[in-house]
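Sequences listed follow chains A and B, in order. No gaps in the numbering here: position 44 of the first sequence is 44 in the working numbering, and each next residue is one more. No gaps in the numbering here: position 318 of the second sequence is 318 in the working numbering, and each next residue is one more.
Hints should not be assumed to be uniformly reliable.
Per the computed footprint, the stretches of chain B lying under chain A, defined by three or more beta-carbons under 8 Å from a beta-carbon of chain A, are [stated by the list, open to error]:
1. 155 to 166
2. 169 to 175
3. 278 to 285
Keep in mind that the hints were calculated from the coordinates and are not lab data. Using N, Cα and C, we set each Cβ at its ideal position, and we do this for glycine too.
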Amino acid sequence: MIYNFPFIAAVILIGLGVYACMFKRNLIKIVIGISLIESGVNLFLITLGYRKGVAPIYTNAPSGASMVLPTPQALTLTSIVIGVATTALMLSFVMTIYKHYKTLDARKARRLKG
Amino acid sequence: MNFLILHAPILIIAIPLLAAFATLLISKISPKLRNIFVITVLSFVLFLVLLLAHQVYTSGMQVYVLGSNQTTVATPSGYSIPVRIMLTVDGASIFMAIITAIVSLVGAIYSLSFMKKYSGLDKYYTLLLLMSVGMFGMEFTGDMFNLFVFLEILSISSCALVAFWTHKGEPSEAAFKYMVLSCIGALFVLFATALFYGQYNALNIAMIASRMKYSLLDKIALGLLVAVFAMKCGAVPMHMWTPDAYSKAPAPITAMLVVASQASLYALFRGVFTLYNVTLNCLTVGWIIIILGVLSMFIGVTMALPQHDVKRLMAYHAISQTGYMLLGIGVGLAVLGDTNALNSYGLMAMKGGLFHIINHAMYKGLLFLTAGAIFYVTGTRDLNKMGGLAHKMPLTAIFFMIGALSIAGMPPFNGFASKIMIYESVYKFNPVLSILAMVVSILTLASFVKVFHSAFMGPQLPEYKNVKEVPKSMLIGMGILSFMIILFGVFPDIVVNTIVAPAANALVNQGSYITKILGGA
Numbered sequence: 001m002i003y004n005f006p007f008i009a010a011v012i013l014i015g016l017g018v019y020a021c022m023f024k025r026n027l028i029k030i031v032i033g034i035s036l037i038e039s040g041v042n043l044f045l046i047t048l049g050y051r052k053g054v055a056p057i058y059t060n061a062p063s064g065a066s067m068v069l070p071t072p073q074a075l076t077l078t079s080i081v082i083g084v085a086t087t088a089l090m091l092s093f094v095m096t097i098y099k100h101y102k103t104l105d106a107r108k109a110r111r112l113k114g
Numbered sequence: 001m002n003f004l005i006l007h008a009p010i011l012i013i014a015i016p017l018l019a020a021f022a023t024l025l026i027s028k029i030s031p032k033l034r035n036i037f038v039i040t041v042l043s044f045v046l047f048l049v050l051l052l053a054h055q056v057y058t059s060g061m062q063v064y065v066l067g068s069n070q071t072t073v074a075t076p077s078g079y080s081i082p083v084r085i086m087l088t089v090d091g092a093s094i095f096m097a098i099i100t101a102i103v104s105l106v107g108a109i110y111s112l113s114f115m116k117k118y119s120g121l122d123k124y125y126t127l128l129l130l131m132s133v134g135m136f137g138m139e140f141t142g143d144m145f146n147l148f149v150f151l152e153i154l155s156i157s158s159c160a161l162v163a164f165w166t167h168k169g170e171p172s173e174a175a176f177k178y179m180v181l182s183c184i185g186a187l188f189v190l191f192a193t194a195l196f197y198g199q200y201n202a203l204n205i206a207m208i209a210s211r212m213k214y215s216l217l218d219k220i221a222l223g224l225l226v227a228v229f230a231m232k233c234g235a236v237p238m239h240m241w242t243p244d245a246y247s248k249a250p251a252p253i254t255a256m257l258v259v260a261s262q263a264s265l266y267a268l269f270r271g272v273f274t275l276y277n278v279t280l281n282c283l284t285v286g287w288i289i290i291i292l293g294v295l296s297m298f299i300g301v302t303m304a305l306p307q308h309d310v311k312r313l314m315a316y317h318a319i320s321q322t323g324y325m326l327l328g329i330g331v332g333l334a335v336l337g338d339t340n341a342l343n344s345y346g347l348m349a350m351k352g353g354l355f356h357i358i359n360h361a362m363y364k365g366l367l368f369l370t371a372g373a374i375f376y377v378t379g380t381r382d383l384n385k386m387g388g389l390a391h392k393m394p395l396t397a398i399f400f401m402i403g404a405l406s407i408a409g410m411p412p413f414n415g416f417a418s419k420i421m422i423y424e425s426v427y428k429f430n431p432v433l434s435i436l437a438m439v440v441s442i443l444t445l446a447s448f449v450k451v452f453h454s455a456f457m458g459p460q461l462p463e464y465k466n467v468k469e470v471p472k473s474m475l476i477g478m479g480i481l482s483f484m485i486i487l488f489g490v491f492p493d494i495v496v497n498t499i500v501a502p503a504a505n506a507l508v509n510q511g512s513y514i515t516k517i518l519g520g521a
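Use the sequences and the hints to build the structure in full.
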């Protein structure tokens, strides 16, 4: 049971993020929601590295030592770097929207319709 | 030359990537040099793509393994599984790469005059090159994680380009909408990748495909992948970003966005056909894709009819045309398990759908470029404020007419060639779908007659007395696409046999894809 906690935490984080994206009106909160989803997915990836067996690239493994799969960590690092770029870009869009619309409310910042 | 052919897959991705950042430095020296540099790079990439295409069509699928001294051997000695990052170029990948290379080059040529009066062009061309990197990467990648990475590169660069005109608020609003959706979508692709990794200990597409068990987790991953890529290509229940992003981006970027959404379409097909293939319940998933397609066709065109912003109208037509591709491929998928049906009409439907992808990229690109030309001379996108432009801009009017007749499926243009393939084969599967597709085509024609009439026909308006034909580089860009449209329309069977049929076969034959990478085992 205790080993399933990280998976549950990942799902809760993703769920909270999706909730924030769908129901929050403030544009910055939407960006925060996306960051939450990203953290949840990263946590899920990292958790996948902890399992039984020998790490594949470690050929001279001392017997009995516990190891973590390296691949998910490499994936997570890449994903974090990409996440920084997307968050920065989204926040800069929010800035431009605020400059022109004078509001961060998603209900009021709506000029594109139809 | 052999060196170029051997390393073409990585060079096609690496050259625009390095050139993108070199562009910033070169534009410090002179803007003119930068323009020449960007055009040269994209032409060279097109040349490499054609070289690689020749190689793929003569000697089959190409595999390129990164970080190995034998770049074509998928599993180096001592390993039974592919451990390195690899690029796989088969018929379907190279087919999409040809489209990407042509439209990127045309977009860059068109931008030379269209974007001339704006500042910040060094960043514009950097992002344009990065966008083509993202598309090529998505098309060539052989593993799921790099699919995510290139998807994000594509999203970031295309969203930044949608919001290029920051002096107004609307482009940023459209870009924010697109970015939020792409970001959530890409993260769910990563989540699906993690589900595969957790079960099969592999990221390589061929490796996952060979171990595919179609468990509950695989079904969840399939749902995520189909939903995300259908959203990214603008299929109807998830189409809300498309009209905004397409109408607010600069015209050459809109033409490239069409191809960007087709790269997502390719990823959808790659996922469904290569990852799952016959393990999944073909009929159910096929019908889901068919329904997505029919909804996109019908709702797209009905939403287009009342629009009076010319680019918004065309964006809704882009959604509607995406429906045709989904319909064709969906029929192919629905009969995938049934060899007789697949050979009698399924493969034909897939060829029609794939042929429609390249045709759509050409005529929709051309239409968006003509819309850009109208915007360039009149400064408005509102159809009610235009009129009589054919007097002053005869060439643009002719280009528009070629594009409009092609999208409506009139012979001898290319839209007719692919639509007739879809109608014929889908009719054998289910006549109702085929009739719906024809009705949509008629509505498309009606809508474009309206646009042509209100923009180009009628008496000359006093406010447009002094307009001139658009500059040469824009005419060259539109001319290349018009030439391709007529070429494809006049010789459809040559195009279908040389480039479309290998793409359809590559998608259907999952076995040969896996064998090429994992060896005979």
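- Verdict on chain A covering the stretch 278 to 285 of chain B, where coverage means 3 or more residues with a C-beta closer than 8 Å: Since 0 is below three, the answer is violated.
- Query: For the stretch 155 to 166 of chain B, do at least 3 residues have a Cβ located nearer than 8 Å to some Cβ of chain A?
  - Reply: holds (count 6)
- Annotated coverage of the stretch 169 to 175 of chain B by chain A, confirmed only when three residues or more have a Cβ within 8 Å: holds (count 6)
In terms of the numbered hints stated before, the structure departs from hint 3 and from no other.
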